[in-house]
Amino acid sequence: MNYEEIIGKLYKELKRKYGSPKGQWKLWCKTHKIEKEREEVIIGAILTQRTNWKNVELTINNLKSAKINSLKDISRLGPKKLASLIKPSGFYKTKAQYLLNLTRFVIKNYGGLRKMKKAELKELRQDLLKLKGIGPETADSILLYGLDKPIFVVDEYTKRLVKIHNLAKKIDYHFLQKLFEENLRRDYKLYQNFHALIVIDGKNK
DNA sequence: ACCCAGGTGGCCC
DNA sequence: GGGCCACATGGG
Numbered sequence: 061m062n063y064e065e066i067i068g069k070l071y072k073e074l075k076r077k078y079g080s081p082k083g084q085w086k087l088w089c090k091t092h093k094i095e096k097e098r099e100e101v102i103i104g105a106i107l108t109q110r111t112n113w114k115n116v117e118l119t120i121n122n123l124k125s126a127k128i129n130s131l132k133d134i135s136r137l138g139p140k141k142l143a144s145l146i147k148p149s150g151f152y153k154t155k156a157q158y159l160l161n162l163t164r165f166v167i168k169n170y171g172g173l174r175k176m177k178k179a180e181l182k183e184l185r186q187d188l189l190k191l192k193g194i195g196p197e198t199a200d201s202i203l204l205y206g207l208d209k210p211i212f213v214v215d216e217y218t219k220r221l222v223k224i225h226n227l228a229k230k231i232d233y234h235f236l237q238k239l240f241e242e243n244l245r246r247d248y249k250l251y252q253n254f255h256a257l258i259v260i261d262g263k264n265k
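Heads up: the first sequence runs through residues 61 to 265, numbered per the working numbering.
Careful: at least some of the hints might be erroneous.
[Stated by the list, open to error] Listed next, with one range per pair, are the computed distances between beta-carbon atoms:
hint, residue 1, residue 2, range
1, 229, 169, 34 to 44 angstroms
2, 77, 175, 32 to 42 angstroms
3, 69, 262, 13 to 23 angstroms
Just so you know, the hints here were simulated from the structure itself, not pulled from any lab data. We put the CB at the ideal spot given by N, CA and C, even for glycine.
All chains should be built: construct the whole structure from the sequences, respecting the hints.
Structure below.
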């Protein structure tokens, strides 16, 4: 079997095991359909860095209670105020600065996600990676889940899956990303579903 | 009292 | 250019 067949088979198996990816997609990111909820994905991408999703939920609740409901709202806060709101998600001082870097970048350059979505994938990725606090995984999560761009997210779960199935010896971010992208249809929905299933499978262990 | 969780940047050599 | 380390909270 070549990689295309192996990876295709892997996707099918996960789909069979956990049900239709559409249903699972909803399960995984309960609230990520409309504009406002896309913004939550993007905030979550930073907050969840090396942190349990439970703690991120506590943080998101804090923000909601404080009536901070958008990227724009966050971009206007001071670092200390924001840090106090996001405390439960850990690394709160650094993450506050990261969130300000990102939200101010988005608001200043695009005004919002609607317009940002129209920009070209490669250029967006380069710009995101220039921001302090946005590494490859966070950038790609934002691109794939927040902006519907066809780019495969390589996180701990993806790496674990690769190791378990012995798909590659090199556990290098871009190498693995290429491995998936070169052997799948270039389709953001497929990438979203596949990655969501990988996460569900990983949490299941 | 440990250990872990969907990373990143900064330093060291 | 790879190998450490700090960043910090809440839950098992």
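Here is what the structure says about each hint:
1. 229 / 169: 34 to 44 angstroms: holds (40 angstroms)
2. 77 / 175: 32 to 42 angstroms: holds (39 angstroms)
3. 69 / 262: 13 to 23 angstroms: Since residue 69 and residue 262 have Cβ atoms about 18 angstroms apart, the given range 13 to 23 angstroms holds.
Taken one by one, the earlier hints all hold for this structure without exception.
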